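First to last, the protein sequences are chains H and L.
To convert a position in the first sequence, counted from 1, into the working numbering, add 226.
To convert a position in the second sequence, counted from 1, into the working numbering, add 79.
For the record, the hints were derived by calculation from the structure and aren't laboratory data.
Every value quoted in this text rests on a predicted model; they were computed, and no experiment measured them.
The beta-carbon is built from N, C-alpha and C at its ideal position, and this holds for glycine as well.
One should not assume that every hint holds.
[Stated by the list, open to error] A short list of chain H residues far from chain L (calculated; beta carbon distances all over 12 Å):
hint : residue
1    : H267
2    : G275
3    : L281
4    : P288
5    : M304
6    : T311
7    : L321
8    : D371
9    : R386
10   : V465
11   : A467
12   : D471
13   : D473
14   : D474
[Unchecked claim] So the derived list for chain L, only partly shown, Cβ under 7 Å to chain H, looks like this:
hint : residue
15   : Y123
16   : D191
17   : V212
[Stated by the list, open to error] Residues from chain H that keep clear of chain L, each with C-beta distances beyond 12 Å, as calculated:
hint : residue
18   : R276
19   : W317
20   : P599
21   : D609
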Amino acid sequence: MPTDDPDRTGPPHADHPSTDDLRRELDGRTDAEESARITGHLDACEACGRRLDELADTTPTPAVAADRDTPSFDPRWMRRAVARTMLSVAWRAALLLVVVVVVAQFAATLLVHPLLVERGDRLERHVVASIDLPILLRPGAEARDVGSNVGLLRRTTEVRFERAVGAATSDLGRYETRLGPLAMTTAVGSGPITAWRGPRLSEDPADSSPVPFDPGRAGDATAATIELSWDDAIDREAVAALTDDHDDVALTWVGFRVADGTHAEGRQALGYSACSRGGDEIVEVFDLGTTLVGGGFGTSSGFRQLPPPEDGVAHALEQARRATDNLARSGWLEDEPLLDRGREDGPLADLDAVNQRLAEDDPEVATLVLTGPTPALAAIIADSAPDTANLLELDLDRGAPEPCG
Amino acid sequence: MEELYRAHATPVFRFLVAMTRDPDLAEDLMQDTFVRATRAMAGYRGGSPRAWLLAIARTTALDRLRRRTEQPTDPLPERATTDVDVVEQQTVRAALARLPETYRTVLVLADDLGMPHAEVAEVLDRSPGACRVLLHRARRAFHAAYLEEGGHAHR
């Protein structure tokens, strides 16, 4: 690149393009790289720019008349522009809102749905906690055949329990845990797999001390609902006294049977349940209806919710009994083969027997539900649970217990 | 925006007329240009406001012309006249019409509107040096076209 151009007058830029370079650039005979170098130099060097002008020797092109005056400012354009802009902004905001809502919904589903997202070891902790409880009640029991089924809204884990006694194994039954949304865990035993303080299954046959209920093994569950049943007649006062020292544990009575009958689908009973918490304070009386014995006590065609009574367990039971009376009188029972024994005398004759039972220890109150913090439940079970009680169902929960619910 | 319009409407309009050779279309594009400018205000990064507006005008005009390429782009009637000035104007227009868009644009900006190279460079988004070279090439091309259109050399 020659730098000895006689016309060079500008500041000492390096590598001023030669006249030939400028001419070739004007004629478009330079390659892209060379052209970029020359025009880049022209950006900064006015002297070379003037050399280029002289070399090109062109004159300005004559102006062309616009033939019309410049239109004057029309504020309507701007108004239209503003309106259009606002419309587009509103449209985008609406679109964004829809996207945000959809994404939030999706995220919420992911967060609460245990089948889509397993956060940490939540599932494992719950399963372990719920299968741990029956194990600790039967020392030496081991979980076998752990299977997991994914359903639409919950995951079910099934476990079979065995206990090895020497070379032989005894089958303790099946146990099922269900994990649903909102961290709800339900453990369901198949049959009375666990005796609280029934026949001892300790490794040492001579050891007859109660098996401690260890709330520490309940995982992160802080509350539980335990449903238990027993076969022997039981003193109602004794059962009612279970929760005397625990105001935070709710006691629900289930299965006061008005009548035993036979039904195509099995034994049928008419009954109710009542829930109390904090001594004699009744919280709720509910679930009046029929149930198939052997199944759970559920709502049925005869379900009726009772208003909460004002005083005492006895009052609640009485109120529930009256409701049962009314149900019997309503003719509803006529269509149901409930009262086989009392058919000839009519339902009222049987209700005398009901009253009689109410006055005595009631052999038909065979199911209890205890709901409360796991430490309190552990204390009750350790100190005063019925000897022959069997665990029917165990619900683990985190957070505050929801009694009578 | 109204202030901006009053200050720069004339060069923008002249530019649009030269680009489109159609005053009606140019008026229409005036609206579009300033509406676009209103929306693009946030994107204004300093520099000459005139160059900024002209760059928007150029984009607007090119968009429109690209959309209507199928239509004839020279709606100005070539009136038979003996008026020397009018004949000269027609020749100049015809010569300009034969040039590529970039040449036409640089001629309008630099020669008609008298903008400095730096400002032309802003409109065309090229370097000032490149615009200077482009201007000379465009002038040469115009001169050739002008002669072919039967103009009398006046350089």
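Tested hints:
no.: 1; hint: H267; verdict: violated, 7 Å
no.: 2; hint: G275; verdict: violated, 6 Å
no.: 3; hint: L281; verdict: violated, 8 Å
no.: 4; hint: P288; verdict: violated, 5 Å
no.: 5; hint: M304; verdict: violated, 6 Å
no.: 6; hint: T311; verdict: violated, 6 Å
no.: 7; hint: L321; verdict: holds, 18 Å
no.: 8; hint: D371; verdict: holds, 67 Å
no.: 9; hint: R386; verdict: holds, 69 Å
no.: 10; hint: V465; verdict: holds, 76 Å
no.: 11; hint: A467; verdict: holds, 77 Å
no.: 12; hint: D471; verdict: holds, 72 Å
no.: 13; hint: D473; verdict: holds, 66 Å
no.: 14; hint: D474; verdict: holds, 62 Å
no.: 15; hint: Y123; verdict: violated, 15 Å
no.: 16; hint: D191; verdict: holds, 5 Å
no.: 17; hint: V212; verdict: holds, 6 Å
no.: 18; hint: R276; verdict: violated, 10 Å
no.: 19; hint: W317; verdict: holds, 14 Å
no.: 20; hint: P599; verdict: holds, 60 Å
no.: 21; hint: D609; verdict: holds, 75 Å
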